Amino acid sequence: MVDQALRSLAQFLPETALAVCFCLAILVGIIFRRRPQIVPVVALVGITVAVWFAIQQTGSSESVFSGMIVVDPFAAFFKIVIGTTAILILLFSIYSSEVQSTIKRLVEYSSLLVAMTLGMFLMAGSANLLMMVLSIELTGLSSYVLAGYTKEAPDSSEASLKYIIYGALSTGLMLYGISILFGLTGGALEFSDINKALAGGSVSPLALLVASLLIIAGLGYKISAVPFHFWTPDVYEGAPVTITAFLSVASKAAGFAMLIRFFKVSFIDSNVVGLPAGFWASLQDFEWNKIVAILSVLTMTLGNLVAVWQNNLKRLLAYSSIAHAGYMLMGVVVLSDKGIAAVLIYFVVYLLMNLGAFYIVMLIEAKTGSEDIDSYKGLGYRSPFISVAMVIFFISLAGIPPTAGFIGKLFLFAALLDAKWIWLAIVGAINSVISLYYYVRVVRNMFLRDPEGAKTPIAFSLPQFAILVILVIPTLVFGLYYSPIVELANASLSMFGLP
Amino acid sequence: MDIQPYLLLSAITFVIGVVGVLARRNAIIVFMSIELMLNSVNLSLVAFSAFLGDVTGQMLVFFVMTVAAAEAAVGLAIIIALFRNKQTVNIDDINILKW
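Protein sequence lines, in the order shown, are assigned to chains Y and S.
The first sequence: position 10 = 1083 (my numbering), numbered continuously.
The second sequence: position 94 = 82 (my numbering), numbered continuously.
Derived by calculation from the structure, the hints in this document are not laboratory data.
Treat the hints with care, as some may be off.
Result set (SDA-like, lysine to any residue): computed pairs, CA atoms no more than 20 Å apart in a straight line [unchecked claim]: (1) K1269/Y <-> T44/S; (2) K1337/Y <-> V1461/Y; (3) K1337/Y <-> K1450/Y; (4) K1177/Y <-> N78/S; (5) K1224/Y <-> I79/S; (6) K1269/Y <-> I67/S; (7) K1224/Y <-> A65/S; (8) K74/S <-> R13/S; (9) K1450/Y <-> N1384/Y; (10) K1224/Y <-> T44/S; (11) K1528/Y <-> D1410/Y; (12) K1224/Y <-> L10/S; (13) K1224/Y <-> N78/S; (14) K74/S <-> K1450/Y; (15) K1224/Y <-> L40/S; (16) K1224/Y <-> E1171/Y; (17) K1337/Y <-> A1492/Y; (18) K1224/Y <-> Q75/S.
In this text, all values refer to a predicted model and were calculated from it rather than measured experimentally.
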């Protein structure tokens, strides 16, 4: 027992690093009460160490802490994505007016960000229903508080309240689903045990459907899939931009990691023969992928259609991120390795372009004090470099070559066509066209409209540009030279306990 | 042991909780309804646990209780922060952000 725990600890280094860093951040905050600026540095170092440990894990495949958590390339991939996002968000925070105006609370900000990252790391690796709930809660509780970080602003605390009500509701639904699944499978909590119980016994299909729908409600809330998306626009608009950007990338990545692992490991039928290489089948003809297909269509269509009407750029990006979750769900539907690889590729690309877009919104908001699309009129003349970078991120989000966004979409559609999901591919393509409209609307405001009010150039400092360049260059380079991400995604497909 | 009455009670409590969250307008009552939902989960877990003769279910209940307590603590703190801004806990009056 002790022996096993010690061996597990050795595989638990990224999470241990984050947990230690969380405690250290609070401690440093108390000791250096007059200089809270040190705390983000502690957080930055801690997260960097955790990412470094996660990179070491890419080769291993093991189950630790008696099956609670697994360490495998799939989890390591998501840990790296989440950790990288956290590092970038901490860098963004240096220039965030919302964060810097309340410098005394920098301690809570940084330590909660670390706690949230820890929750997401655990989400990526959890292989047990109990661990699933606990890690979702850890992520959730930290993000509820961070969404209301600027508590003097009424819209921020309102966002926070809406977030926790929807969050608690979906946790409740998910827990009820888990309790049904627990009874159905005769007391199984580990995903692989659920799989054995379902494959062996005769489980009532209706009860299984109800239980999995309830669990989808919990996971769908994390990835903001329609109809569990109601919190997304409000929280994204009300929360500080840095937190919005973090939620839109890392929280979604963790949710997807959990969704894919739960459904693949629990419902895979490993006895089916005669499938083409790289495909797998679902148990007992329980076609959960059809449910996900419906969710995917709803998510991208609603996300794109509502985004067209938005005037607040943060809210527009919130709906656009809902639509992107819809695209990524298409990769889960096809039940093939190619589909999952496409989702992983999309996440790398999505990290770059979405963080970039939010970063620019943050910079502009700090200068002009507005997030309205109208305030971007004539920005192309006032600040050419920032505007050109924004155009690159937007055409990447719309999926136009030669940007990385195109590569992400290309692999998703290739996986769909490979699995003969033609109608879904058509819906996805139509949605990409709709999305082009609202991205171009912002670009038109920046370059084809005269500035309203102030016409003076907006200046930014060199480090601010440096962070932007870190995001712009890969967005362009991966559009042309994409084999590294494809190789990384293909190497990260294997999950513990699956062939 | 007959498990059905317990599951039925749990399902009824759960539905009351969900309806409470969706229909009531006072943020405090919404949180009470969420507690009701989580407790119905506890009831069904304990029922299954006794039925299957497996203590795992009862162990889960402790975690669900912890989660419920943590959620209530954070939730009430957020309600206080909001009350300081708007002097209300009515959800209908809290609507700066919409579609």
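Q: Report the numbers of all earlier hints that the structure fails to satisfy, in ascending order.
A: Hints 2, 3, 4, 6, 10, 11, 12, 14, 15 contradicted; others consistent.
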